[in-house]
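Visitor: Take a look at the letters that make up each chain.
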Amino acid sequence: MVFEELSDLKEHYLRCVRCGQCRSVCPVFEEVRNETAAPRSKVFLAHMLSSGELRPCPEAAAHFSRCILCQACTRECPSAVPVHKIILAARSMLAREHPSRIRATIFREIWTRPALLKLAAGFVRCSQSLGLVKIGQACGLLPPAFSLPGRLPRRPALSSLPEITPAAGKLTARLGYFLGCSTNYLYPEIARSTVSVLSQLGCEVVLPQTLKCCGLPQLESGELEAVAPMVHDNLATFKRLGVNTIFSDCASCTATLKELQVQQLFSGIEILDLSGLLLDLLDNYNSGIKELNRVATYHDPCHLAGAQGITLSPRQLLRRTGVEFREMKDAGNCCGGGGTFAIYHYDLSMKILSKKIKSIEETGADTVATFCPTCIMQLRHGLAKQKLAIEVAHPVQLLAQSLKTGLNTKKPYDLAGSKE
Amino acid sequence: MNSHRLAAELRKIYPEDRIITGELERRIYNYDSSFMARFHNFMPDAVVLPRSTAEVSATLRLASEHKIPVVPRGAGSGETCGCLAIRGGIVLDLSSWDTIEEVDSANMQVIARPGVVHYKLNKHLEKYGLFFPPDPGSTRMCTIGGMVANNSSGLRAIKYGTTEQYVLGLEVVLAGGQVIQTGGVRCKALKNVSGLNLTKLFVGSEGILGVITKVRLRVWPKPRARGIAMACFADLNEAPAAVLDVYRAGIMPSGIEVLDASAIRAINLYRPDINLPPSEAILLFEVDGNPASVEWEGRQIAEIVGKRAFSVEWSTDPDRMKDLWRGRSVVAVAAARLRQGGSRIFAGEDISVPLDKVTEALLRIKELSHKHSIPVVNYGHIGDGNVHTAPVINLNSPEEIERANKLVDDIHRLAIELNGTTTGEHGVGAVRNQYAWDEHGEAVNIMKRIKKALDPDNIMNPGKMLPAEGDTGGV
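Protein chains in written order, with our numbering: chain S, 4 to 423; chain H, 49 to 523.
Any given hint might turn out to be false.
Think about it this way: if two alpha-carbon atoms lie no more than 16 Å apart in a straight line, the pair counts; the simulated EDC-like pairs of lysine to aspartate or glutamate are [as the list claims (entries may be wrong)]:
{"no.": "1", "chain 1": "H", "residue 1": "K419", "chain 2": "H", "residue 2": "E450"}
{"no.": "2", "chain 1": "S", "residue 1": "K354", "chain 2": "S", "residue 2": "D369"}
{"no.": "3", "chain 1": "H", "residue 1": "K168", "chain 2": "S", "residue 2": "D333"}
{"no.": "4", "chain 1": "S", "residue 1": "K388", "chain 2": "S", "residue 2": "E364"}
{"no.": "5", "chain 1": "H", "residue 1": "K168", "chain 2": "S", "residue 2": "E364"}
{"no.": "6", "chain 1": "H", "residue 1": "K171", "chain 2": "S", "residue 2": "D333"}
{"no.": "7", "chain 1": "H", "residue 1": "K499", "chain 2": "H", "residue 2": "E517"}
{"no.": "8", "chain 1": "H", "residue 1": "K171", "chain 2": "H", "residue 2": "E212"}
{"no.": "9", "chain 1": "H", "residue 1": "K500", "chain 2": "H", "residue 2": "E517"}
Source of the hints: derived by calculation from the structure; they are not laboratory data.
Please read all numbers here as calculations on a predicted model, not as lab measurements.
Starting from the given sequences, assemble the full structure and let the hints guide the process.
Guide: See the structure below:
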């Protein structure tokens, strides 16, 4: 795995000339509006941490946590400084110096073990069903961020999907499905659409039942040691199942695998962009596509557009689903989700989100599509808060809807997901 | 006044969320882009974020009463330590006060608060078919207040001039808290010669005379067309000569940029796909105006410059223009690629020399680079003799840092020797004030008297622009 310590990144942070151009693109800076939120301030403090001028302290940890890791600064930097990598390395150093039992339990002990994660998800769902979350929030014991995921479905995707789904017609490809934690536990309906669509388009879909997390939550929270074993286990699992070509419907998962240089380190492994893959498959699909009576706009997830540079194919895919497509203003601006960021900095996250919601609303679309489950969670939360009747969907769900033949699920086109 | 008491006093003026007193956060206000800032701890005692003239005025009254230094700050994109609290005190971070108060298109002017970002102002003015012409490389982050305080310019200064030519009036808060309007209290005229020109006094004064809280700017109709010509030269001497040929033909491009051999090599190392032809110099001419005149001027430039250059290409196609401009747009980052582990520094980066001395300046900078064994990349606004030198050094070597400082001093002294100046557009701050006597002679004493008259206790951005106390420069 490619884990860079702060000391490994010295050449990069020394290259920062502190010009401040990162201020012009940072969604957090845009809201906080003082230098302490500028990405360059994090590079500056990382340098001080590394040189020992600044001792690791809770204030520094709080400072480094105030970043969505959208990577806009890295892309904008005229000196090509990988700001997000420096922030991740600083978080890791701070986590080592100031270990937290709660953080370690969540990200190292539970999140790395699928069985425990499933149990934890079940516990959250039960608490939601018994109204404990609402009571906890009303009493001020639980932060508002606990409302973000909405009501968890009864069964995760893995419980309802087989390890191998054969191609519906002539086999064109055999693909490994990297099912992310968010899709699995929050939006199993997306996973069902993904499997069904690919099967219809001639793919055999291999979904390992023992898949672990991609490692992003651990990277974000500085718990680096937990990442490598999970990635090794996951790739060994795919290898055991005889799959080298992997895709995911979660932009964060593919971005993380690419960031960890999985393709370079594990020979033969190829990570595909789902939107490009679907477009290629559709080119050979002869059964026709149903026009959808929808007006849709598209939100670029930071982990797809920013981290992987994929912006065109998702839009082309949406157009192929037969929706009327309308571009929103600043589609590439972050929605403020960013995994754990929205939990730790809920108010800030909501301010960033409100601009995105405004852009969506201005399009007049009835549907907003995006390729990232975390963005879906964030957008649904924001739209519900403002009582806007705009659906949030994964493009693969829209494609499932527009393919003429149906799916083998009870409520295949329920975009919001069955609550069973 | 101790820091607790200062914080308590500031809380009487500002809400809690616009005062910064925590140590870690104050340390963040310890930098700008300058080389000097990397090696000093210029931590302020407090940072405040004003959003009204009354707040600034109250802060200056408090500071004046207790003789606390006050340092105005925009986006902190400068290269001179100009916005750093080198003597402690209060930093006024004006960058969040970013209201465009009025666009008066009928009178071709705009009124803005100091924190408005240059790029955002021009984006806003687009709706009216107008623009604010000075075009600094830092457009995406620098603020109008900072531009006025430093009299900034940039790529298009040869045709459009510097910021001072567009400032019609200012609201300034003086050291004791007094608020004045320059350029006329109610005046909205585009021409005004009544009274002493205090506007020009404050433009470029780097915060040592007062705090700029409102700016009335003249704006221009936005040109409808643009074109770019790229010319490659086998001999460095031919490049400045080609610039003069263009001027003599009665053509005034909106920008003329130069990349010397070091810059071309660095760009090709950094981005082989850009593939600039190996040359001793490349010139980029930008022409703007109406479509017919742009086309005519561009073709004239190509013909004139073609007599000296071994290749010239002219284009008005947006994609091709982007390609032609790519080398210039990446040169800042490319510079560091001249050596493994090297960092580009902002020091000695802004000399300006007479047009007929540009070649000599470039050649002698190359000699100085060899003398001090510090690689440099040269680029800049050749149309007005403004050379940007980018030394590339190993920041881990104290000995090399020492050599870099000597190189920078030599570059500054070279500029003065060539009848130029140590700074064409970036300013003096705390990094070039030691050259004040050499550049201005007896006039420095007049500057000091003006400073004393407006700021008797020397609380406004002390230690900047003027020579240090005790430095009489032998005058």
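Visitor: Look at each hint and say if it fits the structure.
Guide: Verification of the hints:
no.: 1; hint: H:K419 x H:E450; in the structure: 13 Å, holds
no.: 2; hint: S:K354 x S:D369; in the structure: 22 Å, violated
no.: 3; hint: H:K168 x S:D333; in the structure: 15 Å, holds
no.: 4; hint: S:K388 x S:E364; in the structure: 13 Å, holds
no.: 5; hint: H:K168 x S:E364; in the structure: 23 Å, violated
no.: 6; hint: H:K171 x S:D333; in the structure: 14 Å, holds
no.: 7; hint: H:K499 x H:E517; in the structure: 13 Å, holds
no.: 8; hint: H:K171 x H:E212; in the structure: 21 Å, violated
no.: 9; hint: H:K500 x H:E517; in the structure: 13 Å, holds
In terms of the numbered hints stated before, the structure departs from hints 2, 5, 8, listed from lowest to highest.
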